[in-house]
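Chain by chain, the residues run as shown.
Protein chains: 2
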Amino acid sequence: MRIGLLQLNPKVGDLPGNAARVEAAYARAATLGAELCLTPELALTGYPPRDMLLYAGFARAAWAQAQSLAERLHQKYPHGPALLLGCPEANATGRGKALFNAALWCEGGRIVRSFRKALLPTYDVFDEARYFEPGDASAGSGVVEYRGVTFGVTICEDLWNDKDYWPHRLYPVDPVEAAVAAGACALLNLSASPFSLRKQTLRQDMLATIAKKHGLPLAYCNQVGGNDELVFDGRSAIMGADGALRARAEGFAEDVLVAELFGPAAAPVKPEDLSAPAETWRALVLGTRDYLAKCGFKKALLGLSGGIDSAVVAAVAAEALGPQNVLGVLMPSPWSSAGSIDDSLELARNLGIATRTIPIEPLMQGFDTALAESFAALAPEKGPDTTEENVQSRIRGNLLMALSNKTGALLLTTGNKSELAVGYCTIYGDMSGGFALISDLPKTQVYALARHINTLKAPAIPPAIIDKAPSAELKPDQKDQDSLPPYEILDAILALHVEKERTAAEIVAAGYDADTVTRVCGLVKGAEFKRRQAAPGIKIAWRSFGSGWRMPLAAAALP
Amino acid sequence: MRIGLLQLNPKVGDLPGNAARVEAAYARAATLGAELCLTPELALTGYPPRDMLLYAGFARAAWAQAQSLAERLHQKYPHGPALLLGCPEANATGRGKALFNAALWCEGGRIVRSFRKALLPTYDVFDEARYFEPGDASAGSGVVEYRGVTFGVTICEDLWNDKDYWPHRLYPVDPVEAAVAAGACALLNLSASPFSLRKQTLRQDMLATIAKKHGLPLAYCNQVGGNDELVFDGRSAIMGADGALRARAEGFAEDVLVAELFGPAAAPVKPEDLSAPAETWRALVLGTRDYLAKCGFKKALLGLSGGIDSAVVAAVAAEALGPQNVLGVLMPSPWSSAGSIDDSLELARNLGIATRTIPIEPLMQGFDTALAESFAALAPEKGPDTTEENVQSRIRGNLLMALSNKTGALLLTTGNKSELAVGYCTIYGDMSGGFALISDLPKTQVYALARHINTLKAPAIPPAIIDKAPSAELKPDQKDQDSLPPYEILDAILALHVEKERTAAEIVAAGYDADTVTRVCGLVKGAEFKRRQAAPGIKIAWRSFGSGWRMPLAAAALP
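As you go down the protein sequences, you meet chains P and X in turn. Okay, so the first sequence: first residue is 21 according to the working numbering, each after it adds one. Okay, so the second sequence: first residue is 21 according to the working numbering, each after it adds one.
With the rest of the complex left out, here is chain P (with noise of 0.2 Å):
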């Protein structure tokens, strides 16, 4: 039986489109031998939709697009393989949420009969328990005899509830071992499972794990792409019964894989590379392709500070977008150095970018005029402080605000997640932006970044940009560390705090300086207000600052 796991790239609503990407894929996979194909979960409409499912006529739309794309497949390929579309189905039980996240079995030109997901995941990023029905998980549902074998047909999350698997399960039923008990002799699994550090290896050894407890063959089709904040690494894979990887298709790029679900296995896999930096440059390039490709942009540009931050956002856009569609600001105040001039237009070179510069001295001046007069009635007692500081920063992102408005051009915000973190930047300053895409960076990944980079294309990163000390240079000598504690300090504490969702008191407990800490922790609180306002970035980590981050403003801090 030879399966074919079409990992598309869709585009989310764009349904003409993504049934168009769905034939061609299934074309290549039928050419290939495919006689059973699969797509990644809602392949129709791309994942994840989101609110647009709460629109019925989307929902009613992307069911017609189903049936009429089972229609033409037949028409077409009238001997062709069966395809498992994922397609959110509507719920005519008449009452819970309106729609099923189904898989729809089409074969002989129309949809034969739906799977629909038991497990709905409503945790970090996930919402579906807002749009979906669970569908019964109870033995016999999920299975389908087709040319010979029973299938147990699973969509993502249904795979993620092993009781041996997962010291602690969410769910209290396991749709595999039903699928398992009704005589399932191999698994399919529909995913859309987004990137995040280390989660390849969970996965990879997941599925191993559930192929080899069951002894079945496992077809796993997994999305690839990035929409909005999310990046799916694709990364389809077919498990022996043994738990052994038989073919896994390509990371980070649409692909159609064809391979045989029993018998002896092909070749070993080659294995990736799957250090941190060499997993975040690919996530970091797909993301912001897709992003501005899906919003609808050709060039991006940023500005460019002389820092690590803006170097590596310039070196991910050059790679995205080629260097020719990404434009670099410099825009001096009096508390630039030359270094930061000098490093920046060195690395335009390297890259390959172009440059403006625009000196904000004048804007500056023009500020303290406007408004010398309201401070002195105002706040009589008050010397130059942050404000000055934050004028300074408003007025850059209002000068690339304008060049993005003429030109047509994205803005790429530059800012990194120990920053967005602690509230070190300024919001409606450097803050401004429609692509925040190493906001999920801490600062030290940046650097590893940034030495990655330079391994994968010298020169690029002028190595005074990393070794120099980090500065907003937003008043004379100016250092990060002159206010914020060490950056391996300070991640460290975020990471315990901020992903692994510990109060301060166990972050001190485990050994950190108690000042340090509460510091850390009440300026991540302080600074929610400017994570509210800020621009959608790339996820890379287990948790990130985005629609997976749901804090109150108005609060207390927490104990």
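These are computed hints drawn from the structure, not numbers from a lab. Possibly wrong hints are sitting among the right ones.
Same chains, same label: a pair holds when it works inside one copy or across any pair of copies.
Straight-line alpha carbon distances no greater than 27 Å define the calculated BS3-like cross-link-like pairs of lysine-lysine that follow [claimed, not checked]:
1. K545 with K31
2. K31 with K520
3. K545 with K319
4. K183 with K520
5. K319 with K477
6. K319 with K402
7. K402 with K499
Bear in mind the structure is a predicted one, so any value in this text is a computation, not a measurement.
Starting from the structure of chain P, add chain X where the hints point.
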């Protein structure tokens, strides 16, 4: 049986503070003769605690606080009433989400037992399946006998699934039915039911219907106060077994209501003005006051443009914070009409708020100069366009934020729902600010509210501001209606598309002009990126932009 409803205004996460609020209200209820007291849902954490619930240390601290509160109350009031206290409870079953949403029966100095919410709303702004495992809704689990009365205890949504009341039910079980089957002879409900227009009528009707259907009295204790975008309107109530309203607590204010559950009703309850502008005014004033207070701000500022939006925001702010704590900033450009300045000054005089005036022409010239060379190099074919309008708006945003940073006053942004829907606003410009208090009011409702404000206090908003044609005044002789359909049409289309989830095709089918509908729906899609970075506002409508609006960005348009 005299029931005490402790209608509290908790601060989210403020465990000691909320415990003190419960204690003070309990003491007052005891003085008034209450035999049993109810708090709102999750009163100890405040509702909604959102992702604070993911911190195990937070849930543990809440439980410890509940225990110590139970002890303290018993020590101080050894013969006092039992207390039903809303608080998260750890799920010790070893499977599923970490918590239950519980009501703790506190008596004799300890937590005697818990009741667990069975129906977990996971729609609109509610994400309860993200945090909580549902309680058991089978008969017997939700009743308790106390002083000879068998009470059925439910939490908020548990009450909202009556099969005779709702044509479409979300859940298969009805905890009220189960409690009645188990012998309940009175119903208790701990709620955190947020305000939206027309909801009080629905709620009152539903409470009456359920009480009457089962022939049982019902005590309903709702939270009050603003927590981020949600305003809770209180109006806790005691319904008689005949469905008649026996007593109602204050709307939009803390209250302790003690009333008899059984026997003949006291005097009829005075009806409230539930007109949309009256309800909106009360919600905005409370929501604004609480947002600033709970965020630690005493003062606010805003830009006064001479238009209706900033006039209404100024009036709300003056009422919520006191006029002495509100600053209006005029920032005229060469395109500002003399009327705009005069009208703003008259408004400020009427409201009693201070003003500052900062002309922006020099800064506009500064940006023109700074950008001229780059514009000529990068987009030589383009003349002045919306770019220059956005630069103006962002200059104003920078000035306002500088005043905010220097003085510690929160910047209120003044955009309405119609312009936020279609993107008729400048990101990092007039969208700058920490709180967007009328961002859920369509323009037509802003006018209605302005007229209502003038009935409460005259002179408040000068008639010229209400009567003039709306204009952004970002270029000569600009009027909103040059580029938008009339607001009556626009708001009607938006109500269908944004609040009732109708696709463009369905709205056209309902009789609206196809070109207009296509254009408006396209603008809504195109402005998603602005809304993603918008300040939080106050929920007024059934469906609002904000945490209950989760649309993809890099996506195709709805069909």
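Hints, one by one, checked against the model:
1. In this assembly of identical chains, K545 and K31 lie within 27 Å of each other by CA distance solely across copies; the values are 15 Å between and 35 Å within a copy.
2. With identical chains, the CA atoms of K31 and K520 are at most 27 Å apart between copies only, with a shortest distance of 25 Å across copies and 32 Å within one.
3. Taking CA atoms no more than 27 Å apart as the test, K545 paired with K319 passes between copies only; the shortest distance there is 21 Å, against 35 Å inside one copy.
4. Proximity of K183 and K520 under a CA criterion of 27 Å is satisfied intra-copy only: 23 Å inside one chain copy versus 42 Å between copies.
5. For the homomeric pair K319 and K477, the shortest alpha-carbon distance inside one copy (22 Å) is at most 27 Å, but the shortest distance between copies (53 Å) is not.
6. Proximity of K319 and K402 under a CA criterion of 27 Å is satisfied inter-copy only: 17 Å between copies versus 43 Å inside one chain copy.
7. Taking identical chains as interchangeable, the C-alpha atoms of K402 and K499 lie at most 27 Å apart only when both belong to the same chain, with a minimum of 23 Å there against 40 Å between chains.
Violation of the numbered hints given earlier is absent; every hint is satisfied by the structure.
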